[in-house]
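Kindly produce the complete structure, drawing on both the sequences and the hints.
Quick mapping for you: the protein sequence lines, in order, are chains A and B. Taking this note's numbering, the leading residue of the first sequence gets 1, the next gets one more, and so forth. Taking this note's numbering, the leading residue of the second sequence gets 582, the next gets one more, and so forth.
In case anyone wonders, no lab produced these hints; they're calculated from the structure. Hints are supplied without guarantee of correctness; some may be wrong.
Simulated DEER-style distance windows between Cβ atoms [to be verified]:
| id | chain 1 | residue 1 | chain 2 | residue 2 | range |
| --- | --- | --- | --- | --- | --- |
| 1 | A | Ala576 | B | Arg1177 | 48 to 56 Å |
| 2 | B | Glu971 | A | Ala576 | 47 to 55 Å |
| 3 | A | Lys2 | B | Gln864 | 30 to 38 Å |
| 4 | A | Ser117 | B | Ala798 | 49 to 57 Å |
| 5 | A | Ile168 | B | Val776 | 25 to 33 Å |
| 6 | B | Ser1137 | A | Ser184 | 51 to 59 Å |
| 7 | A | Ala576 | B | Leu978 | 40 to 48 Å |
| 8 | B | Ser1164 | A | Thr315 | 35 to 43 Å |
| 9 | B | Ala1152 | A | Thr120 | 48 to 56 Å |
| 10 | A | Ser184 | B | Glu971 | 16 to 24 Å |
Note that the coordinates shown come from a computational prediction; the quantities given were computed from them, not determined experimentally. Note that CB positions come from ideal geometry on N, CA and C, so glycine has one too.
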Amino acid sequence: MKQLWIQFQRFLRYRWTLAAGVACIPLAALGDVWITKIVGDAIARLREGSDTEFLSGMFWLMMAVALVRGIFRYLQRWWIVSVSRYVEVGLKQDLFDKLVELPLSFHVQHRSGDLVSRLTSDVENVRMFLGPGLMYTGGALVMVPASLIYLLALDASVAAWMVVPLVIMGLGMKWMAPRLEKHSLAVQESAAEISHKAQEAFSGIRVIKGYAREEQQTRRFGSASAKSLHHQLELGRARGVTHAITWGSKDLTFLPILFVGGMAMMNKDLPAGDLFKFIDLIAKLFWPIIALGWMAGIYPRAVVSAGRVSELLETQPEIADPSAPIELDEVRGRLELERVSFRYPGAEREAVENVSLVVPENTVLGVVGPTGSGKSTLLNLLTRLFDASAGEIRLDGAPIKRLNLATLRGALAYVPQDSFLFSDTWRANVGFGADEPLDDATVAELADRACMAGEVATFPGGYDQKIGERGVTLSGGQRQRTCIARALAGDPRVLVLDDSLSAVDTETEAQLVRNLRSASHGRTVILAAHRLSTVRHADQIVVLSKGRIVQRGRHDELLEQPGWYADTWSRQQAQAELAGL
Amino acid sequence: MIQVVKQLKEARKAAKKAASDPDTPEEMVVGKAWDSTLARRLWREARPHHGLFYGAFAVLAVLFVLEMAGPWIIRNAIDGPVAEVIALRAQGDTPTLEQGMEGPTRELIWWALAYLACTLGMTSFRYLEVAHLTRTGQSVVHDLRVKLFKHIESLDLSWFDKRPTGSLVTRVTSDIENLGEMFTSGLVTLGFDFVRIAVLLVVLFVLHWQLALVVLALMPLLIGVSLVFRGGARNAHRAVRAKLSVLNGYLQEVLQGMRVVHVFRREARVSQRFRDLLGQYLQANVRTIVLFALFFPALDFVVNGIQAAIVWVGGLDISSGDLEVGEFFQFWLYVGMLLNPVRELGERYNVLQSAFASSERIFQVLDTQPTVASGSRARGAAVRGVIRFENVSFDYLPGVPVLQDVSFEIPAGATVAVVGATGAGKSTLANLLMRFYDPTRGRITLDGVDLREYELEELRSQFGLVLQEDFLFAGSVRENLVMERSEVSEASLARALDASRARVVLERLPQGLDAPVAERGATLSTGERQLLAIARALAGSPRIVVLDEATASVDSQTEHQIEEAQDNLLAGRSALVIAHRLSTVRKAHKILVMHRGVLREQGTHEELLRLGGIYARLHRLQFAGDGG
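Okay, here's the thing in structure tokens:
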């Protein structure tokens, strides 16, 4: 409840619009009751004989009331639902900004699916309850008492008996709501399972066909589908019960009208017009009461969702700017690591352990080692995507934790291992690395330095070619070189490459490494690589194994030592030759 | 009113724009609302469940009769006993229970009991209406879904190559679900709505033809409002969904690329972009709100108009005594029953439209036939494993040859290693041997018989396939190794685990063989996945092995284990190996040197060295020092 109240305060930012919308609710509801009254009164009077003048008057009065009622209903919906959409958008923006602000350590601990659902279904649950939910409840809370009071005044005994089925209906809805919820959740989950199974089978189609396992997969898929069918049928039955309860109780309200009302007409001279009012208002009470039950049903989910939204909004970033930052006038690019260790949250052992090294300015450091030896983690520590758990990393002598994130990250650029690019134009992707929009000459130069100019020229849209899902699909090497162009766009003093040349052919690779170093003011380059030819010209190479440095030196020196480097070099050379036939 | 027309126009424009925008998913493209060819075919597809459909119609029919009975009972009660007593009163009598009231009261009680019985009947049939219609629709959906999945699986790999997995998944998920909607709220309910409307109109005319004429005259207004607004709302909705999918897509993208955002300090820039997308989303939403805010009040207004006209016209007859009050009530309630399905026509129209679009996509898939078809020849005796490529050529795209006139033999039990640059056609050899594709020209034989003559499943069960990035399924380790193959026994699994060195992997997992494997084997390391893939191949005791060696760098201990496992896999089996390790090449009985789709050299290591060609040159370069 408290959580919902916190979110409701966002609605209060639009309090005047909201108030106007809420004010329309009783007006529209009363219009409904009024129309019934007009018709009922007309019938009562008509039985005593009437004239066309009265009838046409009644007609126009009814139309006028209907029109005014319609306008109020329109305004009510328009104002309240609009506010709820504005709140939704504001909430999504705040959540998004929070997600972007939170450090990588937060993101590796949360599955992106879960985060996305907070911005989508959780926000929608909150909006639904506080926006349209409020509107329907408000409508019902006016409509139901107003009608009942009016009917009680007409004939207390009929109205009193009518309340019984209405209560049954409300209680039935409330009783069924969690069951409906449970079954529809099961249906959703089984649908997700179907989708997973299909996704898996279609991605692994080679293995399935290769082992002639089509029938087995069909059985797997069939059982997922049968499970979904089962849940669908259960949901269908629950819906059937709900449907029967609501409509059944509506039908049942006619019984007291028929019998008690009929008796009242016989005994007490209840006018036929009043009986009509009972019949007509029942139909109008039907939806508001269902809405009340529905609200009671979605309330628990809205509370949970509001809690999840607040939880995310209140998360504080662990990696933040220091309180008394050191200012660096000019970054030169000397890096020092002193006994640096790091362990991922929940991991059994250190991913990086006791690493010490110095990278003088304008030199190239190569970081190599088998898969899982900690190369990427070490690079992440340099950029403060994660903070080292022990030891210290210094840039130009200043501990990086004492630098503003903007200073640190402004000085270095990073090329990720997964060659992540946005589904946007080539130019926009490269421009992502620069503070200012890039002019054509600069874009061309960057393409050239990333050894990509020739290929970009073949794109139908040139530099403005959209890439990714709905544009041209880049090859692995092209993605990597685009990422490099992006990193060079900011003209960084320190360049960090996380195995980002693996898909580039060896000849281009040599050219690229030369281009990376060249900058008017010199540049420090850190290259993690799985292919050793990438680092062979580095000024210094460290070999990592299980997070520790096991060998270090220049290429020639390492070749002469027996060990992982020399072994891997000869194996990779042979492989390269095999592949290069 | 001008405002409304403007909103409608804009909604249509936005929908059109969305339809032509390549960013719009194909699910949002508008289709026809009725297509009798498709409808007939769907009805045929549902044949095993026709009984359920007839049942559904029966349920709806009984329910309809009961629904019609309610107002009839009310009318009879009011115009019968109640009117009788009122008439007595009008004559100045004061009837008491003993006198004048006894008969009418009893009659009223009977009518009330009849109404109660009717209500109970309706309630049970209302349950059946929903439960049975769900059963009908979902049974068809289940059948069609499995059928479609099975069919997709049988299609050629070249068909898969051209389609993103996501769109295939959509076929068996949301497209199929749309069809389910169509079978229930489309065909059955809509079909019955027409019956309902027709019967009610007839009844209304019989009851009071002047009033019925009034209703009939005003009904097109209601249908018009319903269709016009629904059309607009559908377009606006579609625009909202398109914007929302762009918005969520961007959110997912940013989450995925969070490292890049952070390191380049572009938090403000992505936030601004998200703000822009939110703005577009909001704008599209505002249009929907206006339309919906107008739609319901407008419908109600038309309904009120019809009611007011009924009172006006009917009122004259009531006052003249030509129309009994009970009869008027009955008429009033029937009009309510008539207008509900008419109001919902627009909604049903939307359901049909998206369902027909979906079914068209589904039938497109079902109508595609695999070209790699199964032969009829069952494996006679045990396969010896002599494989021969005879002048095989292949192209994925006409005019772009991938293999040209390749001929070689893999003798029974021999390992043949293929070397060559990326794109030389190495993988294509493996793909053709597995019959993932068929050669464009030439033929491949196994034990002297063309592969195309074998029964496909029988043929493939002779192979053990290990891919460079092998695919593991979500499930347990055991499920992944056995894959429900009848030829895999506990004993052969145990042998495979030993021979493949995969025991090492199991020892690390607390639950051993029953340890869960995450989707695509994400919880296992590269080396572990490779060992399991080899174990999977070994477990089937295949006669022929197709192996695409992995290239990823693992630590030297794992490297050694993989090499041993591979040796055990190849021993005594006919094998085609795409080799990345020099040790594999050296040990092979025969080496194929591929270059741009042409088989340039073949022979043993020594023969090729003597030949003095490409292979020999490579070897000299590489092993000049160690005397190879």
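Practice task
Sort out which numbered hints this structure fails and list those numbers smallest first.
Solution key: 1, 2, 7, 8 and 10
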